[in-house]
Amino acid sequence: MYKDGEEMKTIIKALTGNGAAAYAMKQINPDVVAAYPITPSTQIMEDFSMYHANGLVDSDLIRVESEHSAMSACVGASAAGARVMTATSSQGLGYMFEVLPVVSGLRLPIVVNIVNRSLSAPLNIHCDHGDSMSARDLGWIQIYAEDAQEVYINNLLAIRLAEKVKLPIMLMQDGFITSHCVIGVDVLDDATVKKFVGNYNPEKTLLKDDITIGTLALTDYYFEFRLQQIKAMNEAKKEFIKIDNELNKIIKHSTGYFEEYKLKDAKAAIVVMSSTAGAVKEVINDLRSKGKKVGLLKLRLFRPFPYEEIKKALKGKKVIVMDRSISLGANCPLYSEIKNSGVSNIHSIIFGLGGKNIYDEDIKDIFERALKNKLKEIEYIGVRE
Amino acid sequence: MLFEIRIHSRGGSGGKTTGQAIAETALSEKKWVQAYSEYGPERAGAPVQTYVKISDKKILSYSGIKHAEIVIVLDDSLIDEKVVYNVPSTCIMIVNTNKDVKPVLKKLGFNGYIFTVDATKIALDMIGKNLPSLAIIGAMIKASYGKIIKMNAFKDRIKKILEEKPDMIIPNIKAVERTYNEVKKL
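Respectively, the protein sequence lines represent chains A and B.
The first sequence runs contiguously to residue 443 in our numbering.
The second sequence runs contiguously to residue 1077 in our numbering.
In isolation and in its complexed conformation, chain B is listed as follows (with noise of 0.2 Å):
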C-alpha cells in the first residue's frame, strides 16, 4: 500500500521540515518512504511543495506523486487549485489557520476531508517561535487515526531530530500534544 501525502508551504517555512519528519518517523517503524521538495530558484516566501510517499515495499518510481491522500498546508495564503489539485475524494486535508477555510475549499470543488489548527499560535505560544513544521503532524496523526505513523513513534523522532537543540524537544512535543487535541474537523 503506498501512501502519498503533499505539503503545502513557503521557503523557509520549514514544510520540507515537515516532510523529512514524516518520513524519518515512517522509516523508524520498518516502512520504505521518500521524501522530497520541489525546487526552483532559492527565494524565502515562494511557494514550495513537499511530498512524502510511505509503502510496505520499496519504492521504486522518483516520478511525481499521483494522488495526495493527505494534504498538509503550513500557510492559509497558499490556498488555491494548486492545493486541490490530483486529490481523491477521501483526500484528508490539514490546514494551519484561525479561520473557517471550508468555504474557499469547496468553491475550488474540494469535497474530501477538511481538518483546521491553528498551529501558529500554538507554536508562538509552546515555542515562542513561529516554528509550526512539526507541531502540525499532531494534528495529522489524529485526523489520519495514526494509520500513516503513529504517535509514540513521532515524539520518539522528535528527540532524534532535536538532538543538538534539546531545551527545543519539550516545547515541540507539547505543541505536537497540542494540535493533536485542538484539530477541527470542519
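Pulled out of the complex, with its shape left as it was, chain A reads as follows (with noise of 0.2 Å):
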C-alpha cells in the first residue's frame, strides 16, 4: 500500500491524550458515534461534537441518555453495517457492562476510547486501571497508551486490527496525567488516515442482508460460538503486528505488542503499562548512567496477551511487576499474566490506585532494591497502613 522511503506527512498537534483520540476519530470520521460523556473523558466528546457542528466530520452523532444506551446505540449501528466509535470513563464503562459481551459475541469491531480512572466506592475521578481491567475477560481485545501520541496512534490501528479480525477494542490512557496533558503530537494530514483506514466494507450487515444478529444459542452451539472468539482474538495477534507494522510505514512509532527499553543486557527488569512507563525510562536513563544494568518492558497489547514473547523478553531477569489495578482476593492482573508466562523471579508492585502519586524517587528506589535482593515478593507503594 505504502512504497518504502515514501516521505512521512505528520504534523506537531499540541494535544492532551483526550484531544488526540478525537483529533484522530475526526480523520476516522467513523459513521456512528454514540456519547455518554463522563470525566476524565469528557473532552473527547467535546472535541468530536464541536468537529461535528463545524462539519469537519460527517458521522451521526447520537446523544443519549446513559452509558448502557450509547453502547447499545453503538450495537445497532455496528449490526447495522457502520463504523463506530465512542468514549468513556470509570462507573461509564460499568454501566456499560450488559452491553459489552454482547458487542465481541455479535462480533462487532466497535472501538471504543477508554480513559482509565478508579471505581466507586469511595468515589474518586482519578487514573487506576480498575475500569478496563475489570473488562479485561468480556472478548474485546485491550491496548494501553503510553502518551497522547500512542493514543493517537492506536486509534489508527484499531479501526483496522478490529475490522480485520471482527472482534471490539478498547483503546486504554491514563486519566488526567494523559488524558489532560499538552504534548506535541504528530499527526497525518487527513488525507493520509483516510487511505489507511480505508473503507468499511462488512462481510453481512442487517440492513443489506437477510440475517439475524443475536440469536438464541443454547447447549448445541453456544459453545462453538465461543470457539470462534478465542480463535478470532489468536487471529488478532497476529494481525496486530502486520497493520502495526504498516502503521509504521506512515508514522514512526514504537511497534510490537511491547516496547522494550534498554532490556536485553537488564539484570533488573520493570513490567508496567502506560503513563508510568516514561517516569522508568527517566529512571533507567539515570541508573544506567551510574553503570545499573536495569529496563524496561511496557506493554501495549494486554488482550490478547503475547505470553511467549513476553517470556523470552524477560528471561533470566529479576522481574519487577507494576500493577495500578489489583483483583480483590487474587494476585493483581497484569503479575498474574506475566506469572502465567512462565517468568519465575518475579516481584507484584501495586502503585497508584486513585491517582496517588508515584514519584521518579519511588521506582529508582524499587530497582535499586531489586539489585540487591531485598524487594519483597508483594510490595505496595505510597500507600498509608
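Since the hints were derived computationally from the structure, they do not count as laboratory data.
Careful: at least some of the hints might be erroneous.
[Unchecked claim] Taking lysine to aspartate or glutamate and the DMTMM-like style, the derived pairs with C-alpha atoms no more than 20 Å apart in a straight line are: (1) 71(A) to 991(B); (2) 949(B) to 317(A); (3) 1051(B) to 244(A); (4) 921(B) to 317(A); (5) 922(B) to 105(A); (6) 351(A) to 244(A); (7) 922(B) to 244(A); (8) 71(A) to 920(B); (9) 948(B) to 418(A); (10) 351(A) to 317(A); (11) 1056(B) to 105(A); (12) 957(B) to 344(A); (13) 351(A) to 419(A); (14) 957(B) to 423(A); (15) 84(A) to 1055(B); (16) 949(B) to 318(A); (17) 957(B) to 418(A).
Both chains come to you apart, so use the hints to assemble them.
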C-alpha cells in the first residue's frame, strides 16, 4: 500500500490525550458516534462534537441518556454495517458492562476510547486501571497507551484491526495524567489517514443481508460461538503486528506487543503499562549512567496477551511487575499474566490506585532494592497502612 | 535543559490557558513540552495549579515538577506557602497585582526575583474583560529575557489560539505588549 522511503507527512499539534483521541476520530470520520460523556474522558466528546458542529465529520452523533444506551446504540449501528466509535471512563464503562460481551459475541468491531479512572466507592475521578481491567475477560482486544502520541496511533491501528478480525477494541490512556496533559503530537494529514483506514465493508449486515443478529444458542451452539471468538483472538495477535508495521511506515512509533527499553542486557526489569512507563525510562537513564543494568518492558497489548514473546524477552531477569489495579482476593491482573507466561524471578508492586502519585524516587528505590535482593514478593507503594 | 513553570490561578480564571499558550509557543519553537493542571472536584474559584515543562529533548516522565524556575500567580489572594513551595533561589515569580507583594513573599521565605504587573487592569483596558491569562505572559517573557519563549513566536501563537475570535487578537496582543512594558521588578 505504501512504498518504502515515501516521505512521511506529519505535523506537530499541541494535544492532550483526550484531544489526540478526538483528533484521530475526526480523521477516521466514523459513521456513528454515540456519546454520554464522563470525567475524565469528557473532552473527547467535547472536541468531537465541535468537529461535528463545524462540519468536519459527517458522522451521525447520537446523544443518549446513559452509557448503557450509548453502547446499545453502537451495537445497533454496527450491526447495520456502520463504523462506530465511542468513549467512556470508570462507572461509565461499568454501566456499559451488560452490553460489552454482547458486542464481542456479535463480533461487532466497535472501538472505544477508555480514559482510565478508578471505580467507586469511594468516589474518585483519578487514574487507575480498575475499570478496564474488570472488563478484561469480555472478549475485547485491549491496548494501553503511554502518552497522547500513542493514543493517536492506537486509534488508527484499532479501526483496521477491529474490522479485520471482527472483534471490538478498548483503547486505554491514563486519566488526567495522559488525558489532560498537553504535549506535541505528530499527526498525519487527513488524506493519509483516510487512505490507511480505508472504507468499512462488512461481510454481512442487518440492512443488506437476510441474516439474524443476536440469535439464541443454547447447549447446542453456544460453545461453538465461543470457540470462534478464541480463534479470532489468536488471529488478532498476528494481525496486530502486521497492521502496526504498516502504520509504522506512515507514522514512526514504537511497534510491537510491547516496547523494550534498555531491556536486552538488564539484570532487573520493570513491567508496566501506560504513562508510568515514561517515569521508569527516565529513572533507567539515570541508573544506567551509574552503571546499573536496569530496563523496562512496556506492554501495549494486554488482550490478546503475548505470553511466549514476553517470556522470551524477560528470560533470566529479575522481573518487577507494576500494577495500577488490583484483583481483590487474587494476584494483580498484569502480575498474574506475566507469572502465567512462565517468568519465575518475579515481584508484584501495586501502586497509584485512585490516582495516588508515584514519583521517580519511588521507582529508583524499587530498582535499587531489587538489585540488592531486598524487594518483597508483593509490595504496596505510596500507601499508608 | 528542562525548564519548569508553575501557574497559580482560580478555577475558571484562565490559568490552564496560560499554561497551554506557553506550551504551544514553545512547541512552535521546536521544543518538547508538557502542560497540565492539577485537578480536583471542578469548582469555579477553587485554587488550581498548572504545570508546564519545556525541554530540548523528549520529556519522558509525567511525574510532578521538581523545581519551579518560574512561578506565575494570576490572583494575588492565592499568595501563601504553596506559591513558594519547591522553588530555587533563582526563581522568577510573576504576580498579577497592584499591591506591593514583596513583604508577604519575604515573610514566606521567598528569596528569588519578584516581578509584578497589574494584568487585570491591563486586560480590562485593552480587552474589556477580566481575562489576563494571555496578557500575563508578556510579563513572563520580559522577566525571563525571552529565554523560555520569544515574543514574536508568542504573538504568532495568539493569532492561532484566537483564530475563531478574530476581534480578540489585536486587543490581546496589545495587552501582552503592555504587560511586557509595564512589568516591574521589586
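To see whether the hints hold, each was checked on the structure:
Distance restraint check for residue 71(A) and residue 991(B): the Cα-Cα separation of roughly 40 Å exceeds the 20 Å cut-off, and the hinted pair is therefore not satisfied. For the given pair, residue 949(B) sits about 17 Å from residue 317(A) by alpha-carbon distance, which is consistent with the 20 Å threshold. For the proposed pair residue 1051(B) and residue 244(A), the alpha carbon gap of about 18 Å is at most 20 Å, so the pair holds. For the hint linking residue 921(B) to residue 317(A), the alpha-carbon distance of about 26 Å lies beyond 20 Å, and the restraint is violated.
At roughly 25 Å between alpha-carbon atoms, residue 922(B) and residue 105(A) are farther apart than 20 Å, so this suggested pair is violated. Proposed proximity of residue 351(A) and residue 244(A) is contradicted: the alpha carbons are some 32 Å apart, above 20 Å. Of the supplied pair hints, the one linking residue 922(B) and residue 244(A) holds, its CA atoms being roughly 13 Å apart against a limit of 20 Å. The hinted pair formed by residue 71(A) and residue 920(B) meets the criterion: a straight-line CA distance of about 12 Å does not exceed 20 Å.
A hinted pair counts as satisfied when its Cα atoms are at most 20 Å apart, and residue 948(B) with residue 418(A) qualifies at roughly 18 Å. Distance hint between residue 351(A) and residue 317(A) is fulfilled; the C-alpha atoms sit about 17 Å from each other, no more than 20 Å. Simply put, residue 1056(B) and residue 105(A) have alpha-carbon atoms about 17 Å apart, close enough for the 20 Å limit, and the pair holds. With a C-alpha separation of about 16 Å, the suggested pairing of residue 957(B) with residue 344(A) holds against the 20 Å cut-off.
Proposed proximity of residue 351(A) and residue 419(A) is supported: the alpha carbons are some 17 Å apart, at most 20 Å. For the given pair, residue 957(B) sits about 17 Å from residue 423(A) by alpha-carbon distance, which is consistent with the 20 Å threshold. Under the criterion of a C-alpha separation no larger than 20 Å, the hint pairing residue 84(A) with residue 1055(B) is consistent with the structure, at around 19 Å. The straight-line distance between the Cα atoms of residue 949(B) and residue 318(A) is roughly 17 Å, inside the 20 Å bound, and the hint therefore holds.
Taking the CA atoms of residue 957(B) and residue 418(A), the gap is near 10 Å; set against the 20 Å cutoff, the hint holds.
Comparing the model with each numbered hint stated earlier shows that hints 1, 4, 5, 6 do not hold.
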